[in-house]
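Novice: Based on the sequences and whatever the hints tell you, model everything.
What follows is each chain in one-letter form.
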Amino acid sequence: MLRKHETLPEPVYYIESPEDDTVLVGIGVAIETNTDGLTTITWYDTSHERAMTAEEIHQEDGRFAFKRSAAEGGQSYKFIPMDLSIYNDKVKHELMSGKDFGSKEELIRAFLKTAR
Amino acid sequence: MEMYDRLPSSSFEQENSSDKSEKFLSKIREFKDKIAQKMGLGGEELTKVTDEALVDAARDTISSADQDGERTDEEKEIIHDAVSSVVVQGAMETAGYEQSSGENPIISLDQEETEADLVASIATLHKEEVALPTGEDVAELAVQTIEDAKWSRMKQVDRAHGTVEYIANSVYEKLGIKAVKTEVVSDGRLGNKLRALHEMGAEQVGNYVIFPRDEITCDRDHIEGQKLNLYDKSPAGRIEVSFKLREGTDAIYDKFSSREDTTKYDAISCWYMSNGQAESYALCGAISFKRGDVKVFISEPDTNVRTAHGLVKIEAPSEMPAEEIEKAVADIMENDFGISDALNEVPAESEEDYKRARYAWEHRIYEMHTDDYEAAGKLESSEVAPGYATMIEPGKHKEYEAKYGELCAYHVMYSEETNSIVSTLTSGLLCSSERYQRGIFDDGMSTPKDLKSGGGDNVFTRVSRPDHARAMMKTTILFKPELFDRTDWYAYDRDRYGSTEDDEYQQRLTPDQLFSRLADGSLVQSSNEQMFRTGIGPDYIQEIRVNPAQRDEILAELRAQGVAEIGGRSIEDIVVANENYVAPRPVDPSMEEDWGDDDIGNLETTQQSSAQTKEGILAGTIEYPGVEGIFDVCETPDDVTSLFDAVAEHGQKDKLKTDLSMFIIDNIDNGIIGNFMEGKLDPLDINAVIMKYAQDKLGVDLNYIIETKQKWNK
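Taken in sequence, the protein lines are chains A and B.
So for the first sequence, my numbering puts the first residue at 915; every next one is plus one.
So for the second sequence, my numbering puts the first residue at 94; every next one is plus one.
Note that these hints are calculated values from the structure, not bench results.
Please note: incorrect hints may appear among the correct ones.
Sample of chain B residues at the chain A side, in silico, Cβ under 10 Å [what the hints assert, rightly or not]:
| # | residue |
| --- | --- |
| 1 | Arg-528 |
| 2 | Val-617 |
| 3 | Pro-677 |
| 4 | Asp-725 |
| 5 | Gly-767 |
| 6 | Met-770 |
| 7 | Lys-773 |
Just so you know, these numbers come straight off a predicted model, no measurement behind them.
We put the beta carbon where it would ideally sit given N, CA and C, even for glycine.
Specialist: Structure (structure tokens):
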């Protein structure tokens, strides 16, 4: 089996899941399939790395979604490229002290600065 | 015993305080004389036997009266006299007028079946103001005896109603009295540590002002981890002492929330410095009250911030002298929380208890056996992160590795900044809650979700075999297996975000369960998680695998800071070039396109369409979908090369060559290209497959690719 590694094109995503309220922001989202065929989705959420095995993935035109493996709970996750509109509507109020930004670039750089 | 009978009954008389005690003292003397005569005892031994006789007589009186389930007035009087005799005798011993070689009889009578009568007796003696001949109040001496014997640490837990009541508190409430001993004495440890922290001062690191921290070990029965955490936040005008109550804040919250001097809607906040100004983030709701200049915060019992469960914070102005802060904290612990001697050294017996509790928690043991007690006794306290100590089982990792093979905990870093990597190497890793307490606030752009899940009190790692950890494509820290000697970590077989929710927490794995699953192959190495409390110190770092292009810069910065070794090993051995490193995508400054919030539809498996696409490309009936489109439908290297061949055969060879060249330029780091050219890359790695095909079948010059990337700064 081929080992594949792919990083999603956008540096920061907004993440939604109807079954998992611990997700919000994904930085450096990557999809890796190992030589046993196991696919793992990883990202940094401003505090910790998250890692989940995926049974199904759907990727099209920059949009991405996956279903977690049944063994890990089977939750569904949707990744939407972060922009100012999404940030102001859905993300800012969930942060420790979300700030206002004048451009998407400023916003993205602020999230990238949280990386450790 | 036959030589004494029950104490004769007597009716109450209106006498003065001392006379009333004399009534009981004379009866006690009567007992004592009889015993001395019969047994020929004297001194402390005589007092001890007299105490035992008085206690037995009181118990017999109570059980006899309760045989028919109803007490007559005469029986009540007899019980009162018998129990009060015990109380007066115990008060004499506490006051120092009697010396016994045994236990104070008040404590001996402190049993479930006699407790109610004991408390009733004390209440009556208090009401009647019965005093010793020398004037000391008998009831106050009795309560002091109870408190001194740590009766305050016994509690009744009504789990059905979620209440916890400290018995000594109930005694105080019922009697409305205070123990004679009101002077709170502590040993100066807290004050000394606060002074040391103040001298250390806050540290400016980049944009952060980092407050110094220390801790003292203390009372174990009430306080989680036996620790008080100390923070000098002088730049923000405050000194903080914080801890977590083992049984949560329910009882203490209820006690204080009804008081008039309590602020009902307050918050426990994390303070940090931002551009020279003190700012705060409200961690959780709380009530608060003041004791002089010192403020006490008690977290809401039902807060949804799990890292704040049981949290209490005592905040003093930074200009307050350390010894005054220590006295204030000791007074608050004693008089408000009912925790005696909270700041003093932990007695040896308590420490042994703690070790057993720690060991049982770590290994999820519900019934300890001889081997377990032995193992627990060998735990040692060790500083595992700067300023934080916990119990470790020295050498336990060797047992694990002997049973389960080589073990490695690893942690992937997402920061590419040299400063961040160097800071990790010199200071280790800190959990979120500790970072916020220390003033490291990331401009507020972090989510507090790990504080809510409970994971925020921990540093996260994953466990794997070393070769898996070394295959990570980012900056990756591999820890020494000694890390598993700690007894303050828990583990899950999947990403649960370190949750401490009851349902999830019950599914945590013991170390043996975790490693056993690693050994049998049922543990996913890339998505399990371990949570290490508070932090992981730099001495635990075995190696850090970095961008090869950055290694020299990191080493130079370490040397500039005077760091040549970490944990006894040279930095050159610890900072290792990661040949699998893949650089993150650069941020595109022109990113203004909004994707919107389109629903991408239902998830569906791509397996069926992948097979059809593959067939179509091979047959030439489906248009060449680009390099990434080919990767999406392939599962093996042979699949990839077959489709490449097919694309070339169907007239798209030049396009394929261009696409593969651009793919390599955009996605494959020069370090990886170099490794491939030196034969160091796994042939099954997609990068290796692409470069081999591009070079061998399409004539792509990889050296030219490297030069092009350097020219374009890619």
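Novice: Any hints this thing doesn't respect? Which numbers, in order?
Specialist: 5, 6 and 7
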